[in-house]
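From just these sequences and the hints, can you work out the full model?
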Amino acid sequence: MADRFLAIDWGTTNRRVYLIEDGQCLRTERDHRGVRATPQGSYEAELAGIRQRFGDLPVVMAGMVGSSIGWQAAPYVEAPANFARLTAAILRMDERTVIVPGVCQKQPADVMRGEEVQVLGAVAAGMAAPDSLLCHPGTHCKWTRMQEGVIASFTTAMTGELFALLREHSILGPSIANAVADNDAFRLGVIEGAKGDLQAALFGIRARTMLGDAIDESSFASGLLIGNDVSRRITDDPIPILADETVGGLYRSAIETLGGTASIIDSHACFLAGILQIRDHLS
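In my numbering, the protein residues as written are 1 to 283.
Hints should not be assumed to be uniformly reliable.
With beta-carbon atoms standing in for the labels, derived distance ranges [unchecked claim]: (1) 197 <-> 153: 21 to 31 Å; (2) 52 <-> 245: 47 to 57 Å; (3) 207 <-> 73: 19 to 29 Å; (4) 130 <-> 36: 11 to 21 Å; (5) 80 <-> 52: 34 to 44 Å; (6) 3 <-> 92: 17 to 27 Å; (7) 22 <-> 92: 19 to 29 Å; (8) 21 <-> 139: 28 to 38 Å; (9) 39 <-> 129: 34 to 44 Å; (10) 200 <-> 53: 45 to 55 Å; (11) 207 <-> 139: 27 to 37 Å; (12) 53 <-> 184: 14 to 24 Å; (13) 184 <-> 129: 27 to 37 Å; (14) 200 <-> 109: 55 to 65 Å.
Simulated from the structure, these hints should not be mistaken for laboratory data.
Quick caveat, the model's predicted, so the values are computed rather than measured.
Every residue gets a Cβ at the ideal spot worked out from N, C-alpha and C, and that includes glycine.
In structure tokens, the structure reads:
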């Protein structure tokens with residue numbers, strides 16, 4: 001009999017459903033019904049609707065659905081973490097519905113939910129080396145150190161959220177309202193951000209605007225923040241970036257500008273590889 005089930009990457013903003021049969025993804029659906037758009041008490045109905053569209057199948061979920069603002073909080077597994085430890089701590093909502101736990105570390109304090117499936121999946125699928133540093137850009141950028149295929153430690157940087165706050169709630173807002181591009185202004189920002197004097201460099205955006213010397217300040221500001229983050233993480237080893245080309249391309253450019261090497265790998269393929277490993281451990 002074919003092994004057929006549903007995998008759901010249920011994040012804060014977005015939700016992606018995968019129909020999987022014998023290790024192959026047959027169908028996928030993405031929407032904006034993340035946990036912020038899903039009221040408490042409605043998760044059973046949401047899942048029933050998914051099963052109505054995809055089939056009455058077992059479900060494996062990961063991401064913020066297992067957080068305090070999701071359906072139910074799944075306990076964290078403390079790093080070092082691998083598939084066996086995640087599966088041992090899995091949260092069973094019923095006999096056919098489970099939520100993968102997140103990963104935490106105590107010193108320095110940090111947490112992740114959803115990324116653990118992707119980074120472990122990247123190594124399992126051969127898209128990242130068992131001993132490597134992985135970059136997972138986003139609102140909160142994750143830098144995960146893998147050792148012998150295990151999540152050994154990680155760091156979260158609020159890079160994307162800081163840019164959004166500057167754009168929406170700071171005096172720099174009008175100057176950085178345009179789309180970000182990987183251009184000379186972005187790379188200049190990366191170099192300036194790596195120098196470390198971030199607050200002064202940010203005010204320089206305001207000063208140039210007032211003096212009529214503005215460049216592409218949106219790209220410069222993004223480069224500042226990403227460059228400041230990247231400069232503290234990169235090593236001599238290649239860095240796999242789990243992202244699409246738009247966001248991942250900015251991080252790759254920043255890493256290369258600062259003398260490192262990086263490649264973009266498909267985060268959705270990483271998620272599928274990770275979920276398949278978890279499904280196998282559950283069998």
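Going down the list of hints, with the structure as the test:
1. 197 <-> 153: 21 to 31 Å: holds, 28 Å
2. 52 <-> 245: 47 to 57 Å: violated, 34 Å
3. 207 <-> 73: 19 to 29 Å: Taking Cβ atoms as reference, residue 207 and residue 73 lie about 46 Å apart, which means the hint is violated.
4. 130 <-> 36: 11 to 21 Å: violated, 35 Å
5. 80 <-> 52: 34 to 44 Å: About 40 Å separates the Cβ atoms of residue 80 and residue 52, which means 34 to 44 Å holds.
6. 3 <-> 92: 17 to 27 Å: holds, 18 Å
7. 22 <-> 92: 19 to 29 Å: Given range 19 to 29 Å: holds, Cβ gap about 23 Å.
8. 21 <-> 139: 28 to 38 Å: holds, 33 Å
9. 39 <-> 129: 34 to 44 Å: 42 Å Cβ-Cβ, so the 34 to 44 Å window holds.
10. 200 <-> 53: 45 to 55 Å: Once the Cβ atoms are compared, 53 Å apart, the range 45 to 55 Å for residue 53 and residue 200 holds.
11. 207 <-> 139: 27 to 37 Å: holds, 28 Å
12. 53 <-> 184: 14 to 24 Å: violated, 47 Å
13. 184 <-> 129: 27 to 37 Å: Holds - the Cβ-Cβ distance for residue 184 and residue 129, about 33 Å, lies within 27 to 37 Å.
14. 200 <-> 109: 55 to 65 Å: Once the Cβ atoms are compared, 29 Å apart, the range 55 to 65 Å for residue 109 and residue 200 is violated.
Violated hints, listed in ascending order, are 2, 3, 4, 12 and 14; each of the other numbered hints is respected by the structure.
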